[in-house]
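Student: Relying on the hints, combine the two individually framed chains into one complex.
Okay, here's what each chain looks like letter by letter:
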Amino acid sequence: MSNEKIEIPALGLAALLRFSWRQLTSMRTALILLLMLGIAAIPGSLIPQRGQNPMRVQELFTQSPGLAKIYDALSLFDVYASPWFSAIYILLFLSLIGCVLPRSFEHFKAARALPPATPKNLDRMEHFTTWSSQGNELEVAQGWFKKNRFRVKVDGNSLSAEKGFLRETGNLLFHLALIMVLFGVSFGALFGMKGEAIVNVGETFVNTTTSYDSISLGRLSNESSLAPFTITVNKFLAKYNALTNAPEDYTLYVTSKKSPESKESQKIIKVNSPLGFGSTNVYLQANGYSPIVTVRDKGNTIVFQGPVPFLPQDSNLTSIGAIKVPDMKPQIGFVASLLPTAARDKVKGGISAFPELLDPSLLLSVWGGDLGLDRGVPQSVYRINTSKMEQIGLQSLKPGEIYTFADGSISFDGITPWVNLQIVRDPGKGFALIGSILAIAGLLASLFGRRRRIWIRVTAQGKVEVAGLAKNAVAGLAIEIETFVNAIKSKTERMA
Amino acid sequence: MSNTSWAYLSNYFIYSAMAVFTLAFFAHAFETAWAVRTPSIATEKSEGNLLVKTFDFERTARTARIATAFMILGFLLLFSGVVARGISAHRVPWGNMYEFSITGAMAFTGAYLLALRKNDLRWLGLIVATAVLLTLGTAVTVLYRPSAPLVPALKSTWLVIHVSAAIVSGGVFLLANTIAATYLLLDRMEQRGGRNAWAKRLPTLEVLDQLCYRLVAFVFPLWTFAVIAGAIWAEHAWGRYWGWDPKETWAFITWVCYAAYLHARVTAGWRGRKAAWLCLLAGSTFLFNYVYVNIWGTGKHTYSGL
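Just so you know, the sequences run in chain order A and B.
The opening residue of the first sequence carries number 709 in the numbering used here; numbering runs sequentially from there.
The opening residue of the second sequence carries number 41 in the numbering used here; numbering runs sequentially from there.
So here's chain B without its partners, still in its complex pose (with noise of 0.2 Å):
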């Protein structure tokens, strides 16, 4: 097959998990809305003077599970359009803003459905997929380029390291966000007298602190990693190894706010509420790197082939 037969393959990909994760979106929204809206599945039993409804989310179960089949297909199309972008170029996808966004969704969607086999984060679900459409939406309509070969300043095996290790941190930051701002949304709600109804069937609020340590605490050697190993990459091809390039900066304004959250879980005053603030700081800081960054900023890390 031809390069750009292979490019074209990996289009149809995009789409076809674009298209399969828009169905994985309808089914965690409906499976949301059912086991919530509807009168009568729940039933209602009153405790003390208030009415307290209890929701009956067996009967939604099955619609999660094809939501969840739905979001493992998507990652597979996802991921073959990852590697037919690859084939298609002769090197490893990530030269340019698309490429990274493909890449970047995929580790996203890899990240919560590694984080499901341990923890039913299905709830989760829907912000993922509606996070997953934006971001490949975004791709395909803006970022998009022709495949080509790199500039020279990428061809090196650094690439390949140095550019996985942040994607995957990236997809894991972003996981750890979602639920860090889920977080504070439901602490603000018991605050003001309880959960909404939808809001019943979320963790509690110790497991979703605990849920947002771990995987902090899982990706931030990578990410420290991710880091270093740029700073060797830029040693080979810049002649230094720490130039305060806006995106450098910006790496390590990330690694010290994520550094922060970790101590900040260590010490007492600071869990819970405080720290939860802390992570969505952090990961606001990546977010800033890739956008911001990545298509308005000046320095060395221009790839964006906008």
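The shape of chain A in the complex, shown without the other chains (with noise of 0.2 Å):
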């Protein structure tokens, strides 16, 4: 009795897990998961998602914060990373696993088997045919069956031939291909790396962690795996269409080292053409100007000095940025922005006419106080938190200008061009790629394969018997039958 009562919940589990197994390896739940899958990839794109546009993200929480407090504990800022996004896929591919391994395994038997055995009445199936036998048939139809490539089961007094087994081979590979994207997909995630910086043209970079701007690892990637490799920015050059103001042509002049042992190498790289360096490429994604400029102190000692990366605000290059200088007392920061080509415009002041430095002007803006670096809150480089801070002078500066303020000077001494390099490792692309190849080859495979059977009998009676069967009603077979049967009767004949 007791044994019993130890069973039947045993027994129940073991029930309902394969239940809940065939459920979930059943068709209709895999098209409802990849509509699901489909549905839950919307609101990432309605919504502003933190992989691609982390400062939307930031807006939206000054905004409405009690919005974007929702949305965040829904994970709608990072929908392709949340649980229920992974739940929907991990599902579907669960599902497509348990339906693929088994169907797998069966098209192998199948395939080596031989065909099944005639049927009796072959005047019931599809495309039947008769006519009076003039001898040698079988054997012309063994011979016709072997040059097309059917696989032939000789039954008595008839031949069963099958073709076709690309469909379901097709349809099987497309699906274990997806298998291999994801695969490749979660691989890149777990070993590879991203990461940006914005590099003053004239200056090198170093590929370290502390040289960029921004860096995400993957979680089985480490510091140490970072390729050793350096790049000096030496050129610049962008072309602008003078009609249109649009950038026409993007093109950087670099020095590379691949390690710091081996030989530097001149290269260029392009917008549709990174720099390889084995798996890590280095991509050209943005450009901008860095007004260089020098500040002194009442006792003209330099106080700063350099180039300072400043942000484009639209298509003609209008930039904004901050110069921050700490170590004067007070502290002075400059609220800036840049006009490539200067002019105005009757609602926005001071903009920018065209991307090329054809008129350059610096506007500033002087704040003296306290810059609130001390406090430990992160910072934008490009703006300045002037709370604490009182305005001290207003000047627009060409190339080559100084200002004099209250408590110092800045003189404005030329621009540079800036570039904001990718630099991307992704170990698991290839294992994509090649999945990606494969499934659109079973994907054809599938969709254009047709499985087919053709019988052929010589009764006692002396008559001929020819059927055939299409699966999945796929058309097309009516002909081949008919190239089949005039192929014998043309032959048999020639013998007769």
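In case anyone wonders, no lab produced these hints; they're calculated from the structure.
Just so you know, not all the hints are guaranteed correct.
Claimed, not checked - Pulled a few chain A residues facing chain B out of the computed Cβ check, cut under 8 Å: (1) Glu-956; (2) Pro-982; (3) Asn-989; (4) Gln-1130; (5) Leu-1155.
What the hints assert, rightly or not - Cut-off 25 Å, straight-line C-alpha distance, at most; resulting in silico cross-link-like pairs (DSS-like, lysine-lysine): (6) A:Lys-947 <-> B:Lys-195; (7) A:Lys-1179 <-> B:Lys-158; (8) A:Lys-943 <-> A:Lys-966; (9) A:Lys-978 <-> B:Lys-340; (10) A:Lys-966 <-> A:Lys-978; (11) B:Lys-340 <-> A:Lys-947; (12) A:Lys-902 <-> B:Lys-340; (13) A:Lys-1171 <-> A:Lys-854; (14) A:Lys-902 <-> A:Lys-966; (15) A:Lys-902 <-> A:Lys-978; (16) A:Lys-871 <-> A:Lys-1179; (17) A:Lys-817 <-> A:Lys-854; (18) A:Lys-978 <-> A:Lys-965; (19) A:Lys-978 <-> B:Lys-195; (20) B:Lys-195 <-> A:Lys-975; (21) A:Lys-943 <-> B:Lys-195; (22) A:Lys-1197 <-> A:Lys-871; (23) A:Lys-1179 <-> B:Lys-314; (24) A:Lys-902 <-> A:Lys-965.
To be verified - Chain A is nowhere near these chain B residues, computed Cβ spacing over 12 Å in every case: (25) Arg-157; (26) Trp-163; (27) Ala-171; (28) Gly-177.
Heads up, the beta-carbon is just placed ideally off N, CA and C, and yes, glycines get one too.
Tutor: What follows is the structure, encoded as structure tokens:
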């Protein structure tokens, strides 16, 4: 009795598991999961995502914090890494594996087995044709089947031939290839890395984590796995259309070294042609201008010098930026905008009219007080929190000009372009690519492959009977059987 | 010839194509209306207690042929317009939304004319002509931009491969969509007691279902290829092959919907009406991607030029 009591729930659980597995691997469930995956992908295209547009996410948090908090709780800012999105695709792939693997074994067995025996009554099958025998039909048919690569089973006075296993092979290949793509994506995410760095023309980028403005390493990837290359940015050329102001070409000239010991080589990076170091690629992603300034204090000592990257705001590269000088007393900050080709707009004020440096102008607003850098709160390098500062000057400078304010002076020495380099290592992309190619091949085979059987029998009464069957009701068998019949008739007649 | 004159020539071709499509539209409208509405060519015969009207489509056969001829001429003019546009800019004419639209209209007409070779789809002509006219009308009025060189990100061989595959897929998807919509309309009519007079000449539901499936099955691998080619290009240009950019996301959604449609056709209970709804849904995601993401969307695929 006691044994039974223990066994009942155990049996129930096994049955439940078996039931759930069968439900999960059914076509209907797969179909619903597939549609759910499509629907689940929608919010990520309408709500800004942290991965693609972190600035917009931040904006939403300041504009409507309540809504943003709800979104955040539902992982709506990271849809494609969210638990619910992952749940759907993991279930879908489980369902897929549960469906495809047993089918693969079955198909493997079927492909090695001979076709089933010829049906008794061929006249009940489709494409039935009959004529009186001239002799030798089976022999000739055997030859025709062999030439057309049918697999043939000799069944007494009849032949049973089958062809078109490619359809199911393709179908299975397609689904297995999708698993491979998913593997490639996960592999790349775990072992890869991705980072960005702004580099001024003239500067050198060394591939260590400290050189990056932002870097994200895969979970199973570490800092020591970074390729030890260096890139010196020599020249950046941007060509713009004189009529539409749209960019036409960006070319970046660099000197690169694979490792500290290797030889220098001159390379070109363009938007569609990254520079590769093994599995790591360097991409040209964005560009802008860095005004070069020198700030001096009242005693004429240099307290700040160098290029400061400014952030482009529009297609004419009207750029904003901040020059922070914490080593002065009081601390000094310049809220600035750079106009490559200065112009005036009635509403917006100073703007740029063309993205090239035709008539550059630097608009400065000088602030004195506390920059707030010591409070440990991360700040944008392009903006200054002026809440504890007061404005002490306002000036527009041309290159070469100096502006002297109460606590010191600033000289606008020139402009150098900057480029945003994106550095990516994705060791999984090869798998994803091969998976995709196999998927297309499998898809083509499964959609256009035709599995069909043809039977031929010579009856005791001297009649030849031919019939056929096309699986999945794909058209074209009628024509094939006609060719088959004609071939046999003409050959046996000649032989007779 | 200079770039500007090629651009003008292209515009003339597009305007001429619009005029010819208008003629095709009228011919198709005439064909549809004349066969149905004119009592003199309709013979009435009683069948049981019902009066069944049969119509003589022989009378309009010539108009139908003229309509198809106009469609072919329109296609050729549109083709010339697209080619001239490409010559004027020294590149493939797929740099902004005006160019996508005229090429898309061409692909749609092309898909219709190709399908016409094997199936009598002339009943679709009216819808095709209307859709093409609307697309071209929007293109020349709202979307038109002067011919100009490409932005650096688009300068790649992959532009030709990826965009051509996407445009052809789009043309066939939309054709499948019109057929699925027709299926649903006729299905509803039959549920409510029978087809209207004009609908009697349209094929049976089964034929429509099969035709729709064939179009999707034919073009689904191409769409898969377009997405993969886009991914390879994205890896070259942006450093990642997949980044859930809105355009990519919607291309993925379209892919998933058509995959579901193909599976649904295999599953018995989803054939017919449910499958047609799925097809319509999938086609709508494609259109949404084209219109919404291009014009109002954010992300990296903002090439509309608007």
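Student: Now tell me, hint by hint, if it's right for this structure.
Tutor: Okay, the hints, checked on the actual structure:
Satisfaction of the interface hint for Glu-956 (chain A) is found here, the shortest Cβ-Cβ separation to chain B being roughly 5 Å, below the 8 Å cut-off. Look at Pro-982 (chain A): its Cβ gets to within about 7 Å of chain B, closer than 8 Å, so that hint holds up. For Asn-989 (chain A), the interface hint holds, since its Cβ comes within 8 Å of a Cβ in chain B; the closest pair sits about 6 Å apart. Because the beta carbon of Gln-1130 (chain A) sits about 5 Å from the nearest beta carbon in chain B, less than 8 Å, this interface hint is met.
Contact between Leu-1155 (chain A) and chain B, as hinted, is supported at the beta carbon level, the nearest pair being about 5 Å apart and thus within 8 Å. Proposed proximity of Lys-947 (chain A) and Lys-195 (chain B) is supported: the alpha carbons are some 13 Å apart, at most 25 Å. Under the criterion of a C-alpha separation no larger than 25 Å, the hint pairing Lys-1179 (chain A) with Lys-158 (chain B) is consistent with the structure, at around 23 Å. Among the hinted pairs, Lys-943 (chain A) with Lys-966 (chain A) is consistent with the structure: their alpha-carbon atoms are about 19 Å apart, no more than 25 Å.
Proximity of Lys-978 (chain A) to Lys-340 (chain B) is assessed by CA-CA distance (about 17 Å); at most 25 Å being required, the pair is judged to hold. Restraint check for Lys-966 (chain A) and Lys-978 (chain A): the C-alpha separation of about 19 Å stays at or below 25 Å, so the hint holds. With a CA separation close to 20 Å, the supplied pair Lys-340 (chain B) and Lys-947 (chain A) stays within the 25 Å bound. The hinted pair formed by Lys-902 (chain A) and Lys-340 (chain B) meets the criterion: a straight-line CA distance of about 18 Å does not exceed 25 Å.
Distance restraint check for Lys-1171 (chain A) and Lys-854 (chain A): the Cα-Cα separation of roughly 23 Å lies within the 25 Å cut-off, and the hinted pair is therefore satisfied. Proximity of Lys-902 (chain A) to Lys-966 (chain A) is assessed by CA-CA distance (about 18 Å); at most 25 Å being required, the pair is judged to hold. Only pairs whose Cα atoms come within 25 Å are accepted, and Lys-902 (chain A) paired with Lys-978 (chain A) is accepted, the gap being roughly 19 Å. Proximity of Lys-871 (chain A) to Lys-1179 (chain A) is assessed by CA-CA distance (about 11 Å); at most 25 Å being required, the pair is judged to hold.
Distance restraint check for Lys-817 (chain A) and Lys-854 (chain A): the Cα-Cα separation of roughly 21 Å lies within the 25 Å cut-off, and the hinted pair is therefore satisfied. A hinted pair counts as satisfied when its Cα atoms are at most 25 Å apart, and Lys-978 (chain A) with Lys-965 (chain A) qualifies at roughly 18 Å. A C-alpha spacing of about 10 Å is found between Lys-978 (chain A) and Lys-195 (chain B), which places the hinted pair at or below 25 Å, so the restraint holds. Taking the CA atoms of Lys-195 (chain B) and Lys-975 (chain A), the gap is near 19 Å; set against the 25 Å cutoff, the hint holds.
Proposed proximity of Lys-943 (chain A) and Lys-195 (chain B) is supported: the alpha carbons are some 21 Å apart, at most 25 Å. Annotation: proposed proximity of Lys-1197 (chain A) to Lys-871 (chain A) holds, straight-line Cα distance about 22 Å (limit 25 Å). Between Lys-1179 (chain A) and Lys-314 (chain B) the alpha-carbon distance is near 23 Å, which keeps this suggested pair within the 25 Å criterion. About 20 Å separates the Cα atoms of Lys-902 (chain A) and Lys-965 (chain A), which keeps this hinted pair within 25 Å; it holds.
The Cβ of Arg-157 (chain B) sits about 16 Å from the closest Cβ of chain A, beyond the 12 Å cut-off, so the non-interface label holds. For Trp-163 (chain B), the non-interface assignment is confirmed: its Cβ lies about 22 Å from the closest Cβ of chain A, beyond the 12 Å cut-off. Taking the minimum C-beta to C-beta distance to chain A, about 25 Å, the non-interface status of Ala-171 (chain B) holds against the 12 Å cut. Residue-level check passed: Gly-177 (chain B) sits 24 Å from the nearest beta carbon of chain A, beyond 12 Å.
Going down the numbered hints, you'll see the structure goes against none, and every one checks out.
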